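Participant: Take a look at the letters that make up each chain.
Number of protein chains: 2
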Amino acid sequence: MSMILNRRDLEFLLYEWLDVESLTADPRFAEHGRETFDAVLDLSQQIAEREFAPHNRRSDLEEPTFDGSAVTVIPEVGKALRAFADAGLISATFPASVGGMELPQVVGRACFAWFQAANIATSAYSMLTMGNAALLLEYGTPEQIDTYVRPMLEGRYTGTMCLSEPQAGSSLSDVTTRAERQDDGSYSITGSKMWISAGDHELSETIVHLVLARVVGAPAGVKGLSLFIVPKHLPSGARNNVTLAGLNHKMGFRGTTNAVLAFDGATGHLVQAEGQGLAQMFHMMNEARIGVGSGAVALGYTGYLHALAYARERLQGRPPAGKDPSAPPVPIVRHPDVRRMLLASKSYVEGGMALILYTAKLVDVGETVLLDVLTPIVKAWPSQWCLRANDLAIQVHGGYGYTREYPVEQFYRDNRLNPIHEGTDGIQALDLLGRKVLLNDGLRVLVSAISATADSSSSPYAPRLLAAAQRLATVTAKLWAAGDPDKALANASTYLDAAGHIVIAWMWLSQLDAAGDAEGAFYDGKRLAARYFFDHELPRVGPWLDLLESGDTLLLDLDDTVL
Amino acid sequence: MSMILNRRDLEFLLYEWLDVESLTADPRFAEHGRETFDAVLDLSQQIAEREFAPHNRRSDLEEPTFDGSAVTVIPEVGKALRAFADAGLISATFPASVGGMELPQVVGRACFAWFQAANIATSAYSMLTMGNAALLLEYGTPEQIDTYVRPMLEGRYTGTMCLSEPQAGSSLSDVTTRAERQDDGSYSITGSKMWISAGDHELSETIVHLVLARVVGAPAGVKGLSLFIVPKHLPSGARNNVTLAGLNHKMGFRGTTNAVLAFDGATGHLVQAEGQGLAQMFHMMNEARIGVGSGAVALGYTGYLHALAYARERLQGRPPAGKDPSAPPVPIVRHPDVRRMLLASKSYVEGGMALILYTAKLVDVGETVLLDVLTPIVKAWPSQWCLRANDLAIQVHGGYGYTREYPVEQFYRDNRLNPIHEGTDGIQALDLLGRKVLLNDGLRVLVSAISATADSSSSPYAPRLLAAAQRLATVTAKLWAAGDPDKALANASTYLDAAGHIVIAWMWLSQLDAAGDAEGAFYDGKRLAARYFFDHELPRVGPWLDLLESGDTLLLDLDDTVL
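Residue numbers (full-length UniProt numbering), protein chains in the order written: chain A, 1 to 563; chain B, 1 to 563.
Everything labelled a hint here was simulated from the structure, so no lab data went into it.
Source: prediction; values computed, not measured.
Misleading hints may appear alongside valid ones.
Identical copies go unnamed one by one, so any copy, or any two together, can satisfy a pair.
[What the hints assert, rightly or not] Derived pair list, reagent style EDC-like, types lysine to aspartate or glutamate, alpha-carbon separation capped at 20 Å: (1) K478 with D552; (2) K223 with D174; (3) K487 with D324; (4) K478 with D535; (5) K487 with D535; (6) K223 with D324; (7) K79 with E49.
For reference, chain A alone in the conformation it holds in the complex (with noise of 0.2 Å):
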């Protein structure tokens, strides 16, 4: 079996649960089938293991350099981004209109998990360029869109997001890079830009920055931000004033270039209207943020498959009842507490795989308001539990987990960015409970969805799912009563872990549900996990749910001088 990710759990999720084929009713997706879907997967899983996987170890250890003028970065890079679009991998799911096979959302999150898991630094790039281009897409004039979208998803260019700044990360109402309107009707971009991965590099031809800016005379704060078009060469040919400053060196993710961008009267060419860029960005920027939740559950998927294959051949030691020193040892799976962090990593990496297709499916039937709601969960429970699994894959391994010999230490390196980057988990936290269960009733619709669920299963664990939704929605309201922001915020964190958990439980309650009393080893896989997120998981939520309902003040009203 594969050590990237496992195909027959895909297609159990993709076809056995969230009966994807069922799609094809739309018009949009009439001209594929079952036929077409399997088609890009194998091409997925084919293109992964050849071309990203091999060099997922070089990449960290031989990171790109600058040299003062160029970017350079290992020629396999290069060679795996060309064969991802010749495969026409990086328009999989854009329309016909502009060269796309118009797959669903959700085949196509499916799809790119393989290059995820098997090279999380190389997949950057792509992710970027589909990120950049679809915003493109929806807000770009045609001509825009001739001229930019088309050559990115061509592969000949690549794409980036332009953010954050030295003194503004998480805080984008801080922005300053600045934006003056020209005669020509484009702009000059002045600034500087931080953490821009994919950032500069030799990969493509250009690059096309959509750069975050303030127009002179804007009104502060996110209201007065606009989005640009900043290619790193002009149409003639020559570079624009964008210049790379630096690059981060990271803890993992080091064959992504991580730049710090100066843009100096750079050429920009405003998106739609000003004024709008903050909204625009959050177009990308929602999509990023289920990229992020995607690439942190592949990642912890290809860790646990890797603490699995090496628990069923290392042989150490005999259980505790059968301590006969002259039996021969067992193979470690054998022993409970690897079984402990197995079936843990399970839950944790197949429940997280199926919150990432469920929602794709979202965006594919156009359930935005449960869409909405469920992002923040997307980005940050994976990036803190499939996060976890990795940290489990080296504790499984042992001594030879915490060497470089052993891929493990990498996913977990690779994987830490995760609950930093595109909004920390803290300001996902911020964003579940003091907007997205507000927006639209976002909370009701998603404990309605719960308990439908639960409503319609015969399993046991139904009832402790439905309880915990309700006592979700009760802790909410209660939190949200007195209309106080501050102290409704005070423990969003908190929030988040239990909202978190709570989905996940009812993906596995789904996804029982789906397995039936269907037999086979497989089948018995999903029940066992199941069992073990409602025995071992589920329960870490009647805490937090507590703190939450105490309406407990302590950080809000510390003083933090003493700390």
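Take the given structure of chain A and dock chain B to it, following the hints.
Facilitator: Same frame as chain A, but now just chain B:
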């Protein structure tokens, strides 16, 4: 303030909480007093700051190399180790009879924590030497003490412990290294040893390996193990038949060489008597386990102090209720979620440090039953939760924390070893529930000690601690009622989680009582951290004990082929 450790906290713990001055009533410590304790603490802090901290990152970037004949370590390591030895710190807690300062263990631990926090990798060479010397002082002949212990205490020799083998990591009963008795009373040692920290280098005149091996004809299992002194060099100065087969390349802790050693008919000298190897090795191992816990606390502690300093400096965002974009950004320590991370970390690292020093004092006063039952917790709890503090320190730093330009990512990578070595945390869990709670009625002694603190406390937290401790006793009795070790131990790690959190809550209640009504920021900080631990952390114990009480055998019974 130092960002290595908080001296004020150490003084509180040593003098206001543990009253270490009272130890001077013991004739062994009669020469000492607060002045000498403070002087050694001062000295430790100075040497840690001047000689250990400055090369911490360089040790990580330029890890030891082996050119086939000798191992090269950056020169700062040798210089630091000489400064440590020249200050008399190797023998600080050793008796005057071998030139030691005869400091109480509890003071020695506080001193050594400075070195672990400043540079865990360099400090490891000293830690292993001290543990090795202590073992030989206990079990060696006067001649062995003169030949090996004295030069180690003078810093001329260093020491190792050689237990694991490639096929036997945690499972010592499978050790196959062979010892053949020679006519001259020595033994010829042949076998391969793995994961040997400080296993080879040129930092000392020679290296004293303590090797666990099986005398030809000895019984299988741990009963057949004996311990041998195998020096790297023979008295003639020639090399013994111990060769470096290779260095392991680790995720962190890179400055400490970690070796595979080949013993090929090497000359070894028996320690005391055959068949005593495991018991003797546990003398060193138990001390090493406390040392590992101490290292985990120290790394978490310095990570916390770095995060706190960063959070006070870094300006970003505004509190949710006051989102006036024209208001200046606030230091991120003002955000409740950042406070959550800092206060959680403070509760982990100060709680962990309290446990380390409390346990060290048990050595001084000879309370061995309590010491024995606490040892697995002292090793495992900090290696899980103070590692969590390092994880949170990265998160507080945001993107910066993920770069190698800031030290917190190294602290995390360094600390990630601690749940693995000297017996994985899973092994500690089996030791606690399978052995220590039963041995000499260990759990009763522990619960009595906790109850005594709770009974004499007027804090509102006291009844909650008492209830948790009593429930732990009830659950333990229930687990063992059937007398079936496999069933009792099926969820041993969950048991360790629960016991660990209860013990740290005890440390907090006890510190709280020591703080009393004292005024000032320092004491307010202690009160807030205690409140955090009782309100946000101790409640985790409920679901863990529920699971244990349910007698869940999922992990024991499962058919692992379905994973």
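Participant: Would you mind marking each hint as holding or not holding in the structure?
Facilitator: Results of checking the hints against the structure:
1. Proximity of K478 to D552 under the C-alpha cut-off of 20 Å is restricted to the intra-copy arrangement: shortest distance 12 Å within a copy versus 35 Å between copies.
2. When the C-alpha separation of K223 and D174 is checked against a cutoff of 20 Å, the pair qualifies only within one copy, where the shortest distance is 11 Å, while the shortest distance between copies is 68 Å.
3. For the homomeric pair K487 and D324, the shortest alpha-carbon distance between copies (18 Å) is at most 20 Å, but the shortest distance inside one copy (59 Å) is not.
4. Taking the closest pair of Cα atoms, K478 and D535 come within 20 Å of each other only across two copies (19 Å); inside a single copy the shortest separation is 27 Å, beyond that limit.
5. For the homomeric pair K487 and D535, the shortest alpha-carbon distance between copies (17 Å) is at most 20 Å, but the shortest distance inside one copy (32 Å) is not.
6. Taking the shortest alpha-carbon separations for K223 and D324, only the inter-copy value of 12 Å comes in at or below 20 Å, while the best intra-copy value is 72 Å.
7. For the homomeric pair K79 and E49, the shortest alpha-carbon distance inside one copy (13 Å) is at most 20 Å, but the shortest distance between copies (48 Å) is not.
The structure shown violates none of the earlier numbered hints.
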